[in-house]
Amino acid sequence: MKWLFISFVAVLTFCLIFTSVFGRTCYVCDTYKDPIGCRTESLNDTYLKSCEELHGTKSNVYFCRKINQYVEKLMGVSDERVVRQCGWEETTRACYNRAGFGSRLTVCTCYEKDGCNSAAHLPISWILIMTTAAASLSLRHLL
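If you use mature numbering (1 follows the signal peptide of the UniProt record, and there is no 0), the sequence shown corresponds to residues -23 to -1, 1 to 120, in order.
Keep in mind that the hints were calculated from the coordinates and are not lab data.
As the structure is a computational prediction, the values presented were derived from the model and not from experiment.
Nothing false has been slipped in among the hints.
Each computed DSS-like pair below joins lysine-lysine, with the alpha-carbon atoms no more than 25 Å apart:
id, residue 1, residue 2
1, K90, K26
2, K10, K26
3, K10, K50
Computed Cβ-Cβ distance ranges for the label pairs, DEER-style:
id, residue 1, residue 2, range
4, R70, Y47, 14 to 22 Å
5, D7, Y73, 13 to 21 Å
6, T34, F78, 34 to 42 Å
7, V48, I13, 14 to 22 Å
8, S55, I13, 14 to 22 Å
All C-beta atoms in this analysis are idealised placements derived from N, C-alpha and C, irrespective of residue type, glycine included.
Given only the sequences and the hints, what does the whole structure look like? Please build it.
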C-alpha cells in the first residue's frame, strides 16, 4: 500500500511539472490592436498561441500573463488596456503592481493550464498545491 501512495504522488507531481514546462499555450492579444476581442473574459480560441512557436527556446518554462494597463492621456482622460501574452522571466509573485509617470500596471501570471490568462482573476496555483497536498495526506492516512 505504501508503494501505491508513493507511485500516486510521483505520477501527480510529474503531471503537474510536465504541463507547466512543455507545450504551454496562452492567449496572445492586445486591446490597443484589438479593442473589442481581447477585452472579454471569454476569448475566442484564435488568440490561443503556442509560446514555443512565438518565442522559440528563450526559456524551458513558459507561463501565461495578463497585464492591465492604465494609461493617463492628455486632459485627464485615461485609457485602460489589456495585454495577454506568454512570459518566461519568472516571478515569485502571482500578481504585482507597477507605477510610473502617466501609467500603472497590474501584472498577473499563471501556470495552471493552457489559456489560463483569459480569466479576470488568474492565480490559483496555491489553491491547487494545497488541495493536492491535502488529498495526498488524506490518502496516506487511509492506507
